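Undergrad: Numbering (our numbering), first residue to last: 875 to 1005.
Hints are computed from structural coordinates only; laboratory data are not their basis.
Please read all numbers here as calculations on a predicted model, not as lab measurements.
There's no promise every hint is true.
List time: in silico DSS-like cross-link candidates among lysine-lysine, alpha-carbon distance up to 27 Å [to be verified]:
hint, residue 1, residue 2
1, Lys1004, Lys935
2, Lys985, Lys935
3, Lys942, Lys959
4, Lys920, Lys907
5, Lys959, Lys935
6, Lys920, Lys877
7, Lys946, Lys985
8, Lys880, Lys942
9, Lys942, Lys985
10, Lys920, Lys906
11, Lys985, Lys903
12, Lys906, Lys985
13, Lys903, Lys935
14, Lys917, Lys946
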Amino acid sequence: MIKISKLADYAIPIVHALMPETESLSAAKIAKKTLIPEPTVSKILKLLTDADLLVSIQGPKGGYQLAKSAEKISVAELITAIDGKPALTECCKTAYDCARDSVCRQQSNWKKINDLVFAVLEGVSLEDMKV
């Protein structure tokens, strides 16, 4: 079963709260709009800002805005910003060292499947996820 974290799941409505990109919103306003606890919203906003998906604007009219349009941000980018690159199995992780590497016949197929799933996530934008 493929499962994203609750934080990655929450990131989608948080980003949707910032659409359309007409004004900056504070973490408190986003929390109120999405009904997600403010500490959780703040944590997600920091991760998305660190990944250059959001910009943080200081000052009295400050807050957060999308760094680019929602059509140009993929679900893959969002998940990767929160959870790291998705991996269906342990052997699909970039820095995974397995004692069975030399005898495993499934690893290459799992990596192909993982790459296909990631490509699908790359093909879905946050605009596409808008309800």
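Undergrad: State for each hint whether it applies.
TA: For each hint, the structure was consulted:
1. For the hint pairing Lys1004 with Lys935, the CA-to-CA distance comes to about 26 Å; that is within 27 Å, so the pair holds.
2. For the hint pairing Lys985 with Lys935, the CA-to-CA distance comes to about 46 Å; that exceeds 27 Å, so the pair is violated.
3. Restraint check for Lys942 and Lys959: the C-alpha separation of about 20 Å stays at or below 27 Å, so the hint holds.
4. Between the alpha carbons of Lys920 and Lys907 the distance comes to roughly 18 Å, so the proposed pair stays at or under 27 Å and holds.
5. With a C-alpha separation of about 34 Å, the suggested pairing of Lys959 with Lys935 is violated against the 27 Å cut-off.
6. Between Lys920 and Lys877 the alpha-carbon distance is near 22 Å, which keeps this suggested pair within the 27 Å criterion.
7. Taken as a hint, the Lys946 and Lys985 pair is honoured in the structure, with Cα atoms around 26 Å apart against an allowance of 27 Å.
8. For the proposed pair Lys880 and Lys942, the alpha carbon gap of about 24 Å is at most 27 Å, so the pair holds.
9. For the proposed pair Lys942 and Lys985, the alpha carbon gap of about 30 Å is over 27 Å, so the pair is violated.
10. At most 27 Å may separate the alpha-carbon atoms for a hinted pair to count; Lys920 and Lys906 meet this at roughly 18 Å.
11. A threshold of 27 Å between alpha carbons decides the hint, and for Lys985 with Lys903 the separation of about 41 Å lies outside it, so the pair is violated.
12. The suggested pairing of Lys906 with Lys985 is violated, with an alpha-carbon distance near 40 Å, which exceeds 27 Å.
13. In summary, the hint linking Lys903 to Lys935 is supported, as the alpha carbons are separated by about 12 Å, within the 27 Å threshold.
14. For the proposed pair Lys917 and Lys946, the alpha carbon gap of about 23 Å is at most 27 Å, so the pair holds.
Of the numbered hints listed earlier, those contradicted by the structure are 2, 5, 9, 11, 12.
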